[in-house]
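Construct all of the structure, not just a fragment, from the sequences and the given hints.
Protein chains in written order, with the numbering used here: chain A, 1 to 142; chain B, 1 to 142; chain C, 1 to 142; chain D, 1 to 142.
No lab work stands behind these hints: they were computed from the structure.
None of these values were measured; they are calculated from a predicted model.
Take these hints with a grain of salt, some might be off.
If chains are identical, the list can't say which one is meant, so a pair holds when it fits in one copy or spans any two.
[As the list claims (entries may be wrong)] Okay, derived cross-link-like pairs now, BS3-like style, lysine-lysine, Cα gap no bigger than 25 Å in a straight line:
1. LYS110 / LYS31
2. LYS110 / LYS135
3. LYS136 / LYS104
4. LYS68 / LYS134
5. LYS135 / LYS31
6. LYS6 / LYS31
7. LYS68 / LYS55
8. LYS104 / LYS68
9. LYS6 / LYS53
10. LYS104 / LYS90
Number of protein chains: 4
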Amino acid sequence: MSDTLKNSTESDIRFSEVDSMSVVWHGNYVKYLEDGREAFGRQYGLGYLDVYKNKVMTPVVKLDLNYKQYIAYGDRIIIETEFVNTAAAKIIFKYKIYRASDRKLALTAKSIQVFVETDGTLLFTNPSFYEEWKKKWNLSVG
Amino acid sequence: MSDTLKNSTESDIRFSEVDSMSVVWHGNYVKYLEDGREAFGRQYGLGYLDVYKNKVMTPVVKLDLNYKQYIAYGDRIIIETEFVNTAAAKIIFKYKIYRASDRKLALTAKSIQVFVETDGTLLFTNPSFYEEWKKKWNLSVG
Amino acid sequence: MSDTLKNSTESDIRFSEVDSMSVVWHGNYVKYLEDGREAFGRQYGLGYLDVYKNKVMTPVVKLDLNYKQYIAYGDRIIIETEFVNTAAAKIIFKYKIYRASDRKLALTAKSIQVFVETDGTLLFTNPSFYEEWKKKWNLSVG
Amino acid sequence: MSDTLKNSTESDIRFSEVDSMSVVWHGNYVKYLEDGREAFGRQYGLGYLDVYKNKVMTPVVKLDLNYKQYIAYGDRIIIETEFVNTAAAKIIFKYKIYRASDRKLALTAKSIQVFVETDGTLLFTNPSFYEEWKKKWNLSVG
Chain A
1 MSDTLKNSTE
11 SDIRFSEVDS
21 MSVVWHGNYV
31 KYLEDGREAF
41 GRQYGLGYLD
51 VYKNKVMTPV
61 VKLDLNYKQY
71 IAYGDRIIIE
81 TEFVNTAAAK
91 IIFKYKIYRA
101 SDRKLALTAK
111 SIQVFVETDG
121 TLLFTNPSFY
131 EEWKKKWNLS
141 VG
Chain B
1 MSDTLKNSTE
11 SDIRFSEVDS
21 MSVVWHGNYV
31 KYLEDGREAF
41 GRQYGLGYLD
51 VYKNKVMTPV
61 VKLDLNYKQY
71 IAYGDRIIIE
81 TEFVNTAAAK
91 IIFKYKIYRA
101 SDRKLALTAK
111 SIQVFVETDG
121 TLLFTNPSFY
131 EEWKKKWNLS
141 VG
Chain C
1 MSDTLKNSTE
11 SDIRFSEVDS
21 MSVVWHGNYV
31 KYLEDGREAF
41 GRQYGLGYLD
51 VYKNKVMTPV
61 VKLDLNYKQY
71 IAYGDRIIIE
81 TEFVNTAAAK
91 IIFKYKIYRA
101 SDRKLALTAK
111 SIQVFVETDG
121 TLLFTNPSFY
131 EEWKKKWNLS
141 VG
Chain D
1 MSDTLKNSTE
11 SDIRFSEVDS
21 MSVVWHGNYV
31 KYLEDGREAF
41 GRQYGLGYLD
51 VYKNKVMTPV
61 VKLDLNYKQY
71 IAYGDRIIIE
81 TEFVNTAAAK
91 IIFKYKIYRA
101 SDRKLALTAK
111 SIQVFVETDG
121 TLLFTNPSFY
131 EEWKKKWNLS
141 VG
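Written out as structure tokens, the structure is:
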């Protein structure tokens with residue numbers, strides 16, 4: 001039983017995303033992480049809209065970003081998103097963002113999301129659709 | 001009967017809002033216009049939340065921007081928002097954005113908003129709350 | 001002699017680009033227009049970096065946006081960018097943005113850019129690299 | 001000798017900063033942290049432009065965000081920025097963001113910045129302007 005799933009997606013850097021140093025403004029990486037998470041979601045059926053159908057939301061409660069290398073306008077990036085399985089009622093992802101031209105590592109990051117009902121109530125156990133999703137992908141459910 | 005109402009508000013330029021030329025990226029002015037419109041709304045009781053309470057939304061359907069002067073990081077701007085009264089079921093604003101330090105005109109703009117119900121239906125006549133709002137501010141209701 | 005050049009490019013809508021109505025916040029279309037302009041630039045050799053190599057910048061001085069239809073998260077858009085030739089020392093583009101799923105027209109727009117030297121001096125005649133670019137693409141140079 | 005300096009600043013939430021849940025999109029907090037850092041810089045003379053005058057840049061290399069509470073459109077926030085003194089050639093800040101209306105804690109965060117010369121060379125010791133800045137504010141220089 002594997003406990004990991006991975007997605008890789010690519011993106012161009014927009015002119016509006018670079019700062020006065022002509023490199024990506026550090027806050028914009030949060031968008032790229034979301035791009036990675038959504039590309040993962042499309043591949044494995046765990047996108048924002050898939051989750052919302054189950055009357056659950058998954059807000060980010062923790063985000064750690066480690067910047068390694070600048071990315072400039074004109075560059076293209078590779079976003080690797082890896083699902084980190086946990087028994088807790090959380091969704092954890094690890095990310096690596098590379099500059100596509102030379103595969104230099106630009107950023108590592110980690111996000112933690114929790115499950116809340118649409119009225120905002122925090123769930124302390126995994127919702128059933130998520131347990132089923134884990135089984136489907138052969139991930140241990142704890 | 002006056003047919004105009006005006007608001008003036010100020011804002012600092014964020015580092016994340018300037019581009020690789022160290023001047024405000026042109027798309028960010030749309031945020032400043034919304035800042036102006038919302039400051040107007042707070043002053044006169046026509047903010048986004050005031051409108052939404054009446055189960056109506058006012059999407060922007062037209063936006064014209066004329067750029068006159070660069071604004072740099074470290075500058076402060078003055079946003080002047082002027083209500084342009086019309087008999088049509090529309091909200092029209094004209095804007096002027098100045099650099100605060102020397103009052104140089106940086107941008108003129110105009111926006112047109114329409115009224116739609118929360119299900120998306122376009123309204124061809126002014127909703128009653130808006131007629132009342134006009135009367136309160138002594139604007140001709142056409 | 002044709003006086004038009006066109007590019008078509010596609011883009012996904014990011015979660016961070018929709019507003020509390022779950023539709024694209026109107027200011028974000030300015031990014032899509034820039035995406036279209038840069039895709040055009042890559043196809044025809046008139047990108048931001050191509051221009052900058054010639055020690056010239058092309059700031060946007062006018063931008064008109066006409067909103068026709070909402071675009072929601074999960075939608076994909078088609079951005080069509082059309083070069084409008086003019087004898088004046090300006091770059092003019094017209095844009096159409098469609099929802100990819102049903103090709104409904106979501107936005108029409110027009111931008112005007114001028115040429116300035118890197119010290120900010122406005123150019124009243126076309127820079128030579130731009131005249132050559134026009135000749136290369138068989139556009140009348142006025 | 002105190003080893004801490006603090007700034008407190010306030011900000012309104014923009015309509016364009018909330019997501020389809022009508023709460024601040026989590027990535028936008030990075031802007032508020034930068035607002036806090038810049039307000040700190042204006043109070044104590046360590047702003048982006050102060051630093052840049054010394055031919056040094058201070059890119060963020062690490063950013064940790066912990067989300068505690070939603071913030072909605074219409075809310076106002078208080079951003080508290082605290083300088084964490086260290087002997088290492090780094091600038092460390094801790095942040096707390098509160099909802100102004102009830103002072104509920106919405107976010108805690110920490111950032112680490114390093115010193116690089118304008119050509120990108122990383123500095124392993126504090127630049128002299130920074131040592132002087134520390135002395136001026138009575139911070140131990142380690």
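Evaluated hints:
Taking CA atoms no more than 25 Å apart as the test, LYS110 paired with LYS31 passes in both settings, with 13 Å inside one copy and 19 Å between copies. In this assembly of identical chains, LYS110 and LYS135 lie within 25 Å of each other by CA distance solely inside one copy; the values are 23 Å within and 37 Å between copies. Within a single copy, LYS136 and LYS104 get their C-alpha atoms no closer than 34 Å, and across copies no closer than 36 Å, so neither meets the 25 Å cut-off. For the identical chains of this complex, LYS68 and LYS134 are neighbours neither inside a copy (32 Å) nor across copies (27 Å), given an alpha-carbon limit of 25 Å.
Taking the closest pair of Cα atoms, LYS135 and LYS31 never come within 25 Å of each other, the shortest separation being 29 Å inside a single copy and 39 Å across copies. In this assembly of identical chains, the alpha carbons of LYS6 and LYS31 lie at most 25 Å apart only when taken from the same copy (18 Å versus 29 Å across copies). Only between protomers do LYS68 and LYS55 lie at most 25 Å apart by alpha-carbon distance; the minimum there is 21 Å, versus 38 Å within a single protomer. When the C-alpha separation of LYS104 and LYS68 is checked against a cutoff of 25 Å, the pair qualifies only within one copy, where the shortest distance is 9 Å, while the shortest distance between copies is 34 Å.
Taking the shortest Cα distances, LYS6 and LYS53 sit within 25 Å of each other inside one copy (23 Å), while across copies they are farther apart (39 Å). With identical chains, the CA atoms of LYS104 and LYS90 are at most 25 Å apart between copies only, with a shortest distance of 24 Å across copies and 30 Å within one.
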